[in-house]
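Engineer: In our numbering, each number is its position in the sequence shown, counted from 1, plus 330.
No wet-lab data here; the hints were simulated from the structure.
A portion of the hints provided could be inaccurate.
[Claimed, not checked] With a straight-line Cα cutoff of 27 Å, these simulated BS3-like cross-link-like pairs (lysine-lysine) come out:
1) 392 x 377
2) 388 x 377
3) 412 x 400
4) 405 x 388
5) 435 x 422
6) 435 x 425
7) 392 x 405
8) 349 x 335
9) 349 x 339
[Stated by the list, open to error] FRET-style restraints, in silico, Cβ to Cβ:
10) 481 x 447: 45 to 51 Å
11) 514 x 477: 24 to 30 Å
12) 470 x 426: 54 to 60 Å
13) 481 x 449: 33 to 39 Å
14) 439 x 477: 42 to 48 Å
15) 402 x 422: 31 to 37 Å
16) 422 x 387: 50 to 56 Å
17) 509 x 447: 56 to 62 Å
Since the structure is predicted, the reported quantities are computational estimates derived from the model, not experimental observations.
All C-beta atoms in this analysis are idealised placements derived from N, C-alpha and C, irrespective of residue type, glycine included.
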Amino acid sequence: MDQEKDILKKIKTKGTGFKIPENYLKDFTVDLPEEKETIIPKETGFKVPENYFNQLDKRLIKENVSTIPKNTGYKVPDGYFKDFEVKTASYKENKVIQLFKKNRKNIIGFSIAASILLLFSIFPLFDKDKDLDFNSLSDNDIETWLDLNADQINSFELAELIDDNDDLYAVEMISEEDISDYLIETDVESWIPDN
Numbered sequence: 331m332d333q334e335k336d337i338l339k340k341i342k343t344k345g346t347g348f349k350i351p352e353n354y355l356k357d358f359t360v361d362l363p364e365e366k367e368t369i370i371p372k373e374t375g376f377k378v379p380e381n382y383f384n385q386l387d388k389r390l391i392k393e394n395v396s397t398i399p400k401n402t403g404y405k406v407p408d409g410y411f412k413d414f415e416v417k418t419a420s421y422k423e424n425k426v427i428q429l430f431k432k433n434r435k436n437i438i439g440f441s442i443a444a445s446i447l448l449l450f451s452i453f454p455l456f457d458k459d460k461d462l463d464f465n466s467l468s469d470n471d472i473e474t475w476l477d478l479n480a481d482q483i484n485s486f487e488l489a490e491l492i493d494d495n496d497d498l499y500a501v502e503m504i505s506e507e508d509i510s511d512y513l514i515e516t517d518v519e520s521w522i523p524d525n
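Produce the complete structure using the sequences and hints provided.
Structural biologist: Right, here's the structure in full:
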């Protein structure tokens, strides 16, 4: 291990192996703009005629249009469009059948029947004689509602619904024998979630 550390120290002290002459970069930025003239020539060797790009689009269109064939290969008979309007005007118009004119009595009867049905279906909702309370609900109904709405139940709202009743905190003492009988009879593993 010590031998590796010694090797690393030697490598670290040797540097990168490259050496820059003294004052090499001292006047570098000053000399660069002056040498630009000698490095980059003013003439590229390419010449474009005057106003070449002014008429370029017109020349390209003229060249492309000249390559399109004048004859498409399709022919229309002589006088075809002269008789065209006459032929379309000579078609017989179809008879329009109105839907609601003949069946007006039926529609009125159906609408009256629908309104009466709606009235009788809404009437039981406003029945004040039937009182609903928590005791009339079955355990299965409550469990189903909790399963469907568990993600919407807020613990603060639930706490507001619970009365501050001391009877809730009264604990009945259960014997160990009753607890062990309950655990033997109950499948406790079904309480563990699958995920």
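Engineer: Hint by hint, where does the structure go against what was stated? Just the numbers, ascending.
Structural biologist: 4, 5 and 10
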